[in-house]
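Top line first, the protein sequences correspond to chains L and V.
Residue 1 is where the first sequence starts when you use our numbering, and the numbers rise one by one after that.
Residue 86 is where the second sequence starts when you use our numbering, and the numbers rise one by one after that.
Hints are computed from structural coordinates only; laboratory data are not their basis.
Source: prediction; values computed, not measured.
Even for Gly, the Cβ is constructed at its ideal location relative to N, Cα and C.
Just to be clear, a hint being listed does not mean it is correct.
Unchecked claim - Taking CB as the label site, the calculated pair distances span:
hint, chain 1, residue 1, chain 2, residue 2, range
1, L, Ser74, V, Leu95, 18 to 28 Å
2, L, Phe83, V, Pro87, 17 to 27 Å
3, L, Phe83, V, Gly143, 40 to 50 Å
4, V, Leu122, L, Met1, 27 to 37 Å
5, L, Leu10, V, Ser146, 13 to 23 Å
6, V, Tyr112, L, Gly58, 34 to 44 Å
7, L, Ile24, V, Pro88, 36 to 46 Å
2 protein chains.
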Amino acid sequence: MPPIEYLGLLAGLLTTLALVPQIIRVYKLKSARDISLIYNTTMLIGILAWLIYGILQGAVSLIIWNIIGCALNSWLLFAKFKFGR
Amino acid sequence: MPPIEYLGLLAGLLTTLALVPQIIRVYKLKSARDISLIYNTTMLIGILAWLIYGILQGAVSLIIWNIIGCALNSWLLFAKFKFGR
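With the rest of the complex left out, here is chain L (with noise of 0.2 Å):
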């Protein structure tokens, strides 16, 4: 693997796992108030149409990061509509 793509697993990395502490945070607090329903969604269908395009240009980090995104994206989406709009 060329050393830059590692440089790209890392971005991939921090950008998709960043919502885990997020995702945390809403639990811990049980809301989730602040957080916009419309940024929740534009996201995710974002994520998908990452998705879509990795799967069409046949890249694997592409496709992998973004299914881990949509999961997490998904569950803060759960989470949004859990503990209040």
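With chain L's structure known, arrange chain V on it following the hints.
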């Protein structure tokens, strides 16, 4: 431009601009308590890594989206400090 790249542009547009309604919501509610500071800082570092990756790859759309993403995430981070941890 190959048709698939329009999908990439749409995906970049959605995942980048999703933050706009989030920033608006924080300002409207004058509260960013539910926003995780770890989420915000991890996302900012991740987007910076994508920006450097884009510059090294000479990928123009990656550079443009991530400059906008950096600006929006910095704004949200500013709002987080302004409206409460």
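Do L/Leu10 and V/Ser146 keep their Cβ atoms within the hinted range of 13 to 23 Å?
-> Hint holds: Cβ distance 20 Å, inside 13 to 23 Å.
Given the hint of 34 to 44 Å, check if V/Tyr112 and L/Gly58 actually sit that far apart at their C-beta atoms.
-> holds (41 Å)
Could you see if the CB distance from L/Phe83 to V/Gly143 stays within 40 to 50 Å?
-> Check passed, 43 Å falls within 40 to 50 Å.
Pairwise beta carbon distance, L/Phe83 to V/Pro87, judged against the given window 17 to 27 Å = violated (42 Å)
C-beta pair L/Ile24, V/Pro88: status relative to the range 36 to 46 Å that was hinted = Check passed, 40 Å falls within 36 to 46 Å.
Is it true that the C-beta distance of L/Ser74 to V/Leu95 lies inside 18 to 28 Å, as the hint says?
-> Since L/Ser74 and V/Leu95 have Cβ atoms about 20 Å apart, the given range 18 to 28 Å holds.
So does V/Leu122 sit 27 to 37 Å from L/Met1, Cβ to Cβ?
-> Since the Cβ atoms of V/Leu122 and L/Met1 sit about 33 Å apart, the hinted range of 27 to 37 Å holds.
Checked against the numbered hints above, the structure violates only hint 2.
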